[in-house]
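Sequential numbering from 1 applies to the sequence shown in UniProt numbering.
Hints are not guaranteed to be accurate.
Said to hold, decoys possible - Each computed BS3-like pair below joins lysine-lysine, with the alpha-carbon atoms no more than 30 Å apart:
1. K234 x K37
2. K82 x K4
3. K111 x K152
4. K193 x K4
5. K18 x K82
6. K58 x K177
7. K152 x K234
8. K193 x K58
9. K4 x K111
10. K220 x K177
11. K165 x K220
12. K18 x K151
13. K82 x K177
14. K58 x K37
15. K220 x K37
16. K82 x K37
17. K111 x K36
Said to hold, decoys possible - Pair ranges (Cβ atoms, derived):
18. R227 x D19: 34 to 42 Å
19. I101 x K4: 49 to 57 Å
20. H35 x E112: 38 to 46 Å
21. D155 x R121: 26 to 34 Å
22. K4 x F233: 46 to 54 Å
23. S231 x D198: 18 to 26 Å
24. D19 x T114: 25 to 33 Å
25. P96 x K193: 46 to 54 Å
26. D25 x K193: 26 to 34 Å
Keep in mind the hints are simulated off the structure, nothing from the lab. Note that the Cβ used here is the ideal one computed from N, Cα and C, for glycine as well.
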Amino acid sequence: MAFKNGDMLLVNYSIYVKDSGELVDTTDENVAKLHKKFEEGRIYEPELAIVGEGRFIKGFEEALSNADELGRTYEVEIPPEKGYGERDPNKVRVLPTRAFIRSNITPEVGKEVTIDNMVGRIISVSGGRVTVDFNHPLAGKTLLIRFTVVKKLDDLIEKVKYLVKRRVRRASLESIKVTYREDSNSVEVELPKEFRLDENIQIAKYLISRDISRWINQVKEVVFIERFESSEFKLGESVEQPKETA
């Protein structure tokens, strides 16, 4: 039986360019090392995929919704129209070199630049002109995806933890504390202390709350708990007083 919309799955996957065999992305550390694409500091582990969410490219989303077996490795070919689209020649622009110099950018082949809020890659520099390709690097390419659904999440606490973790990626599952209050249909989430002063934590909390409300119907309220213990503060330290205004 195929997985249905809203099912929360843990998926291992590797994505390749079909013609060249180039590795595009993977959740497997060994595969990354084999293809010399290993990223220091990245955590390689199965990724949360919610069927029907639209978080992945269309071809991968369709493959996930058609999968029906845990532990089986699927191999799917993704044509450009279900991947990153066909190449559009109108997205290749020729610009004067002086436009880059004014912006303190040294034009070099292969460099990624942002112009008019569009991200592109410099593909040639010649005769005072710079050619920039604003197509996605994988546009026009057929992809090959190998993926395995390693687990289907059914436990509410586990679902919440994974929804939290994908917004606060550096946190381990063990460090995220979640309590479900059945009487009020609410969940209490306590993040590790090191994230309390993270400048992006409020945005992350909003996104976490939105995700939980969308994908876990029985949860009607999300509460974030922050604890400050006296042992964290030095006794006798001076307290900064607000400055007087004229």
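Evaluation of the provided hints:
no. : hint                    : verdict
1   : K234 x K37              : 45 Å, violated
2   : K82 x K4                : 20 Å, holds
3   : K111 x K152             : 41 Å, violated
4   : K193 x K4               : 36 Å, violated
5   : K18 x K82               : 14 Å, holds
6   : K58 x K177              : 34 Å, violated
7   : K152 x K234             : 46 Å, violated
8   : K193 x K58              : 38 Å, violated
9   : K4 x K111               : 42 Å, violated
10  : K220 x K177             : 18 Å, holds
11  : K165 x K220             : 20 Å, holds
12  : K18 x K151              : 27 Å, holds
13  : K82 x K177              : 38 Å, violated
14  : K58 x K37               : 24 Å, holds
15  : K220 x K37              : 42 Å, violated
16  : K82 x K37               : 24 Å, holds
17  : K111 x K36              : 20 Å, holds
18  : R227 x D19: 34 to 42 Å  : 54 Å, violated
19  : I101 x K4: 49 to 57 Å   : 55 Å, holds
20  : H35 x E112: 38 to 46 Å  : 21 Å, violated
21  : D155 x R121: 26 to 34 Å : 44 Å, violated
22  : K4 x F233: 46 to 54 Å   : 50 Å, holds
23  : S231 x D198: 18 to 26 Å : 21 Å, holds
24  : D19 x T114: 25 to 33 Å  : 29 Å, holds
25  : P96 x K193: 46 to 54 Å  : 52 Å, holds
26  : D25 x K193: 26 to 34 Å  : 32 Å, holds
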